[in-house]
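Asker: Construct the complete structure from the given sequences, taking the supplied hints into account.
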Amino acid sequence: MFIPVEATPPSFKGFTLILPAIAVGNVGQLAVDLIVSTLSMKRVGYMHTDCLVPMAGPNPYATSAEDAGELHTTAEVYTDAEKKLAALQIRSPIIQSRSRKFRKLLVSWIKASEFSRTVVLSSSHAYQRDDQQLKGTLLRYLVTPAMQKVSGPALTELGWMEMEKLTPFPGMVEAEPRLSVPGGGITKGLFTDGCQEELCLAVVLVFCSEGDNVPDAFTLVNHLNDWLLLVDSDKRGPQKWKVPGSWKLLFGNSHPPSIF
Amino acid sequence: MATFFGEILSVHSRAVEEAEEDENEEDEEILKELDETREVHLEWYQSKSNLMQCTNLIIAVGRNAASFLSVYVLTSANWEAVGHASLSNAGNQNICGQTSIEPACVFYRNKDIPAVILCKISGYIEEDQQFQWTEKVFGCFKQNGLSVTVLSDSPVAEYKNIDYASSSSTPFLLCLQTNSSTKNPPCPLLEQPNIFTGIQAAVLSHCQVNQIPAVAYQCYSDAISPDSITMETYKRAFTSVGDIKVGPLPSADIINKFIKTNQIQSNLYI
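Residue numbers (this note's numbering), protein chains in the order written: chain B, 1 to 260; chain U, 261 to 530.
It is worth saying that the hints were derived from the structure and are not from the lab. Note that the structure is predicted; figures quoted are calculated from it, not measured. Think of the CB as a built atom: it goes at the ideal place given N, C-alpha and C, for glycine as much as any other residue. Hints are supplied without guarantee of correctness; some may be wrong.
Listed below are the simulated PhoX-like cross-link pairs for lysine-lysine, each with C-alpha atoms no more than 20 Å apart in a straight line [said to hold, decoys possible]:
(1) 104/B x 371/U
(2) 111/B x 101/B
(3) 248/B x 292/U
(4) 292/U x 101/B
(5) 111/B x 149/B
Here are the computed distance ranges between Cβ atoms for each label pair [stated by the list, open to error]:
(6) 251/B x 290/U: 37 to 43 Å
(7) 63/B x 423/U: 21 to 27 Å
(8) 11/B x 266/U: 27 to 33 Å
(9) 8/B x 423/U: 40 to 46 Å
(10) 297/U x 196/B: 27 to 33 Å
Answerer: Have a look at this one:
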């Protein structure tokens, strides 16, 4: 359930929504962190639901000592009114038995809020690619028919590669190729729901493996920026993105000095 | 995935449980039935209208925090149990046929100060039950004018800091408060990249979205079972809560009762 921060609920009409799928390496979430942090987006509401594991913490995007102690929760919505951009950040896993309920909740909120388009940032297991997917870039996209009409040509022009449909046992069994996003969490379900509900929705994903997934997040967010032009694309590399403070100690504490 | 030495390992992801490829109505039915078994039930021994007077809700979760309430607060004044929550999960199942003496979560009220309700959670509330527990409990109180304090604990190994936390600095207390809380907390605020999970996070989230002033204190300790030094740290948090007085250091008998029970339970060979 969306709960606005202020008494008057914000209007999302005509906004582009970016949200992560909780997927392998948490790449989508890291990418949304970079977008919210770089554009200094404003928190406008919470997604308060029993489908997510509860979590609370201090401000992940703190810029000063004053705002560092501000409380932030599991799932929050941020906006940049000037760019007509909204981002939903999800900071904890979806409770497995409620993933379908969560997808339904998202789809109905997206419809009710009248977002002009929705972009799901996701990832998929690199080790489960088939032969044709091993060629070329690690980045793929998926668009619903409604999105194809609006942005299909632009994406083709950018030279983006669509996610391939796969047969379960290539070369062995004649079967209908199917869409599969291994390790993608709710990605496939959300995309399928989006097609059924005629949402203007795109999935942008990267093939990766668990580990230090920060480089994957930069790859994904730079790729997205080629399409949505969120930040000045003249600058290349990670310098144009602002890494949030919450990323420090990503791999735990330093060693205890007393062991030497 | 093969390791350097060639063994084949199954790959797990930190982020995702592999979703079933084909969901169907039957699965949905099973999930629904399973969900029903995870239901949280609240039972009140008094009429619910009495609860509406509550303006101060104090929740203690975790072994140290719950023991602190038992030792320092509940023994020192005129407290009565007013209700309890029952829930079923793997963490609350009795081991070796032992019968559990008290429910996982009990609510107490001071006969002299009816505005304060204490909630002692000594059992385990699982991730999928935390949100529901919070909604149900807060549904029983008047949200207007309510102020919430949570006492919780966590192993110091989960505390992330650039400076290595040496054993001499533990136990220590950190807190987080909702934006509507105007208190000046008696201990430092939790800093990034640390977070709260569990009931304390569910309560803070509920209070944040409903604009209820709430402060959650978390004691980071390296003690496996409750001890008096760790319990002492909560006294700092408690001095700022309403009219409730924390009793003086209780007699050794009372402390021993809590510490001893834990020793027996932690012994593998009895």
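Asker: Now tell me if each hint is right for this structure.
Answerer: Hint check:
no.: 1; hint: 104/B x 371/U; verdict: 47 Å, violated
no.: 2; hint: 111/B x 101/B; verdict: 15 Å, holds
no.: 3; hint: 248/B x 292/U; verdict: 40 Å, violated
no.: 4; hint: 292/U x 101/B; verdict: 11 Å, holds
no.: 5; hint: 111/B x 149/B; verdict: 18 Å, holds
no.: 6; hint: 251/B x 290/U: 37 to 43 Å; verdict: 39 Å, holds
no.: 7; hint: 63/B x 423/U: 21 to 27 Å; verdict: 22 Å, holds
no.: 8; hint: 11/B x 266/U: 27 to 33 Å; verdict: 58 Å, violated
no.: 9; hint: 8/B x 423/U: 40 to 46 Å; verdict: 44 Å, holds
no.: 10; hint: 297/U x 196/B: 27 to 33 Å; verdict: 31 Å, holds
When each numbered hint is compared with the structure, violations occur for hints 1, 3, 8.
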